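Enquirer: Chains as they are written, first to last, in this note's numbering: chain X, 1 to 210; chain E, 1 to 619; chain B, 1 to 104; chain A, 1 to 340.
Careful: at least some of the hints might be erroneous.
If you want a taste of the chain A side facing chain E, the calculated C-beta under 8 Å gives, among others [stated by the list, open to error]: (1) GLN43; (2) MET47; (3) THR96; (4) PRO99; (5) LEU101; (6) VAL111; (7) PRO177; (8) GLY188; (9) VAL310; (10) GLY313.
Bear in mind the hints are in silico, worked out from the structure with no lab data behind them. Quantities reported herein were computed from a predicted structural model and do not represent experimental measurements. Note that the Cβ used here is the ideal one computed from N, Cα and C, for glycine as well.
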Amino acid sequence: MAADHAVNTVLPDEPEKATLEGKNKVLGFWLFLGGETVLFGTLFATFIALRDQVNGGPSAQELFDMKIVAWATFLLLTSSLTSVFATMALHKHNLKAVQGWLVITVLLGLGFLGLEIYEFYHYVHEELGMTTSAFSSSFYTLVGFHGGHVAFGICWITGLIIQSMKKGLTVVTAPKFYVAGLYWHFIDVVWVFIFTVVYLMGMIGGKAVA
Amino acid sequence: MSDHTSHAPNRSGLWDWLTTVDHKKIGILYLIAGGFFFILGGVEAMLIRLQLIYPEAKFVAAGTFNELITMHGTTMIFLAVMPVIFGLMNAIVPLQIGARDVAFPFVNALGFWLAALGGLLLNTSWFLGGAPDVGWTAYATLSSNHKFSTLGTDFYVLGLQIAGLGTLIGGINFLVTIINMRAPGMTFMRMPLFTWSSFVTSALILFAFPALTVGLVFLMFDRIFGANFFNPDAGGNIVIWEHIFWIFGHPEVYILILPAFGIISEVVSTFSKKRLFGYSSMVFATILIGFLGFMVWAHHMFTTGLGPIANTLFGIATMLIAVPTGIKIFNWLLTLWGGHIRFTTANLFAVGFIPTFTIGGMTGVMLAVPPADYQYHDSYFVVAHFHYVIVGGLVFGLFAGLYYWWPKMFGKLLNETLGKWHFWTFFIGFHLTFFPQHFLGLMGMPRRVFTYLPGQNLEMGNLISSIGVIGMALGSIIFAINMVVAAKSKKAAGNDPWDARTLEWAIPSPAPEYNFAQTPLVRGLDALWTEKMAGNKGMTPAEPLGSIHMPSPSFLPFLMSLGLFVAGYGFIYAGQWGTYIVAIAGIAFTLLCMLLRSLYDDHGYHIEPDEIEEKGVKA
Amino acid sequence: MAQVSNDAMERKPKIKKDGVKPHIVTFIASIILTIIAFMATAYEVIPAGFTVPFIIILAIVQAAFQLLVWMHMDQKGHEFARVGIVTGSAVVLVTIIAFVTTLW
Amino acid sequence: MKSRWQLNWRLLSMVMALALVLTGCGRENLSALVPKGPVAEQQLFLMVLTSAIMIGVFLIVMIIFAYVLIRYRQRPGQTGIPKQVEGNHKLEILWTVIPFLLLIVMAVPTVAIAFDLAKEYNNKEAVQVNVTAHQFWWEFEYPDLGVRTAQELVIPAGKKVQFHVTSADVIHAFWIPALGGKIDTNPGLTNKIWLEAKEPGTYYGKCAELCGASHALMDFKVQALEASAFDDWAKKMKAATEAPAATATGTAAQGREIFQKSCIGCHAIGSEGGKLGPNLTNFGERKLVAGIKPNDAQHLAEWLKNPQEVKPGNTMPNLNLQDDQVSALVEYLHSLKVTQ
Ligand code: HEA
Ligand code: HEA
Ligand code: CUA
Ligand SMILES: [Cu+2]
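Could you put the whole structure together from the sequences, leaning on the hints where they help?
Expert: If you want it as structure tokens, here you go:
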């Protein structure tokens, strides 16, 4: 069985695709991301439709604290870069580097999550609850879904790091790292749109789009 | 590291079924679940027809009637025909492409258990204060506000969410299987049409189900957390639900029908002993139908008030689907043309499909004309339309597929005499039930009415319609008897009872757990037929006989689904219990199982060549 | 089955050991694009009414950068990844157009 | 041969089915098929046009189908392998192009009529009616005429009527088959639709969207009056709304008292009273109780005694009235007339 042979022998160039299982995993995960695109797209479409329905509650313009958001964006973007480095280290079969970069990724992700929790906490104090308005419901659901993805990603990658301490880098663990990296990038791509559609467009406010 | 067993773990009985990751067994599990829910949905349909047998009947109360139609629609679509489709896909697609297994056996099992337990959750609502009663479309605000609907709707939301998750991962599994696991020489343009349609159906699942997921989340948040997506008083918009539901819902009906198209293509071609006429245009039409399926959803919303531009755009886009579907109809006819047609039961259902589905498709095109739909919409004309395409199309197709592949799945042929009785009772009952409904609709009978008043000329049509259902029930019972008869029968079906054309018939019936002792080399469209014509006995192997790696069975898929099942109740009753602890515990349990799955690698086991010989299987 | 698949075995050094450079470039580009978008909304440099399309285009460019470079979607073997993401995006596009034009 | 018999049987049933289709179109009492106004007429035109095309296509399919099944079924003792045909480009193009052309034939009038029906009539020519649907009753308001009524819609014949429809609770759909197709009543949104009755008469209206337990019973009636009669009705209604008849005698006076005590919170008479239930200003002249039962003493009493029995799930509570209270109320309610 390849998994066994591979452990102590040379890993192939792209260890994540060395086995059929690995290939399947990567392809399956890409397709899953296609589905996630629709998932987030539907959330976005709904948010866009409801973003002006503040029902007498606070509006995006009155509320958003762009400083926090800018920092959050920076953290997540950087974490995406560090996870690229992890994947590159994976291709060089350097487990220590993979783990190191992923630890940084997780820390940055935690920073992002912390900012988001602080931000939500802050908004709730400004009287924007889930039940306040259609705007608030769609805002918390869209951004919260993203935050939930980040949280899941943090747990997942942490689990992988711990696991790899025991199992090392093999054709079995490599696809897991690779796929987690894809997931993390995807979360970052989604954030690009959240930043634009929720926050920047929120700052413009009003009926800027038809 | 290398602590993997090299023997098949000895599991038997119930434990075997609860832990299996073998796609053929999962296929059977899907059939069992689908069959069970088909009977349930069918009994609900019979109660519906009983209540409507004459005006102002009082067999069931108004509220109960609404529960019946909601559960009938939901059960039939999500829990009966989807599982049967998945069952056939599981049993056949890997065999048709010459694969030893699906891409993700574990995920495959997980998909089944999620679907089954989601369905079970939904149906327990009958005993826990009432089933959902808002229609299978669950339009807000009726569905989104506790003022207008009961706890039953929470069961709908959570049950479908869990089942939908199962379907989604099942779809991804099939996509990857078909892309990555094809045998050497099995190019895309040599894939049998059932595999092709399974492929496109899985792609539709991938892109349609997430929309449903989101819609159900909105509904759940509105109901459970007091969110305002569909609350007009706080700025919400009810039309959003309609859009989301149909963005999912329309592709869903093509998710259902495409596999049936695939089955018909296989059956018609086998039993006329001809290759499929216009294979490449069939493939093209399948893809085109899938593609167009995503931009026509608003034809369910012509009366919502979207305005004439949206209505006509969506209407015309809808009509366009008639073109690729017509290509299919005519290709089937031309496949039969010049053949030696054998009227086995499978072929009777396939051939019966053609006129019946055509009628349903034609009424579909009539519905796609927005101004006319202002009259048809939400009348029995629509009910007639969709039962013609679903029962007369899909269910006929599934019966055809079951008769056709039964020997491959179980090693026994279904009885042909009983099969013919099944066909004729079901066929006649079907037309009796649904043909008059077209006219009931035109005469102004709205759908989803628990009764109607006398003197509106609706008596005759409803009576005939209610009588017809007896035919379908009879047919279904004959089919059940047939299964028992087949199971009791001593006669083995053999590898290739129909003199068929595709790969699955090259191996024993039922297929051994490793499917192909040696991966076959595919040398043309209709792989087996190609070899037959070349005078070969079977497929040429593409590899030497060697040890075969198999995935280990696992109880985790069941446990993971169980976690979500429990979490479902946690959410439904969170309001009454005043706590989310159960919901959180259930989800945590599922996550824990996921962690276990990741930590303990499945090394599987091996079947050695001598074992293969021992089992008497000659490659 | 865990077999080292065919093309993994016959592999020449197919992948150009991808350097750090494109990744850093993408990172910097992302930051710059984000800042431009922020500026465009904070100060009225773009004619009113064009700001939203402008920043959305910037977001799409940035997303494309990340998908192609960071996630290697431009590389061989990603055909179905492309099909998946493009189809998903197309579904989303139709959805958003419908929501923006037909609600309210 | 058995299979030939089966085949003939099936063909026969198809022919019978078609005959049913053809005769069905001509039957007198099929509401959507007997249009009483221009909207329904245009819609019927499209229905007939598309049906005709569909029947034509279906016949072609069936002819090929029947020919193939009879001609090419396997004969006993037949062996050998039929010719394996890959396809035929000419044929395939043919059955791609012809359906496409047929679709164009349908699409052109579809677009024209869809846009025509979506026209808005906000001028004084058209009567404006605000329709609000409730679980499970209909409220009609004539904003320009200062009139408010329920359950029975009154319109002038021969004039366009512009409806602005919305809902107070869940989605319903406003449908008068003989006059034209339906439109949903969406809570929080207002839809517009115009209809016209060519001749005076009574037409039936229905709710066409599942809206709860008594969705099936959410019917209403449409009275199309001559233009002059309509104006007269509107004037009297307006007068009655401003000053509802305060005179009630005998048992009716008792009924009035009960009404003022227990019912006025939900039901208005004139402009006075709640809006949770139908306005009853002209209840004595309605043909139906709650839109479904004949408005006679017996059915009205049944309604008052137990509204839930008549319309499950509706929002009027059972007020546990005594028999004498009921008969007093019946007397009073039947005295509420406007035009006489
Ligand atoms: C398997 C399921 C299935 C399938 C395949 C279809 C197929 C089609 N459906 Fe159907 N439909 C449903 C299931 C399905 N439908 C359901 C469940 C509902 C109701 C949901 C609810 O409200 O509860 C519904 C409702 C529905 C509506 C909404 C009605 C309303 O609520 O007012 C419309 C409107 O356009 C429609 C149209 C069509 C069309 C145009 C097709 C086309 O795909 C049909 C194409 C086929 C043909 C046309 C026949 C063969 C072609 C030829 C022989 C070529 C020549 C033909 C011509 C030139 C016309 N359907
Ligand atoms: C896959 C989908 C599917 C299938 C197969 C069916 C099958 C049937 N449907 Fe279905 N139907 C829907 C999907 C489906 N339906 C949907 C989506 C709706 C809309 C719901 C809504 O409005 O929200 C609907 C609505 C609907 C209505 C309209 C209700 C209303 O609007 O008020 C009616 C009425 O006649 C009806 C009848 C039937 C009948 C008679 C069958 C028959 O074909 C059923 C035949 C099967 C049987 C009769 C079972 C036989 C088994 C036995 C008798 C048990 C034997 C026992 C043993 C063997 C142990 N259906
Ligand atoms: Cu109101 Cu149905
Ligand atoms: Cu549809």
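Enquirer: Hints first: check each against the structure and report whether it holds.
Expert: Here is how each hint holds up against the structure:
1. GLN43: Nearest chain E Cβ about 5 Å off; hint holds.
2. MET47: holds (5 Å)
3. THR96: holds (6 Å)
4. PRO99: Because about 5 Å separates PRO99/A from the closest Cβ in chain E, which is inside the 8 Å limit, the hint holds.
5. LEU101: violated (10 Å)
6. VAL111: holds (5 Å)
7. PRO177: holds (4 Å)
8. GLY188: The hint holds - GLY188/A has a Cβ within 8 Å of chain E, the shortest such distance being about 2 Å.
9. VAL310: violated (11 Å)
10. GLY313: Nearest chain E Cβ about 7 Å off; hint holds.
Violated hints for the displayed structure, listed by number in ascending order: 5 and 9.
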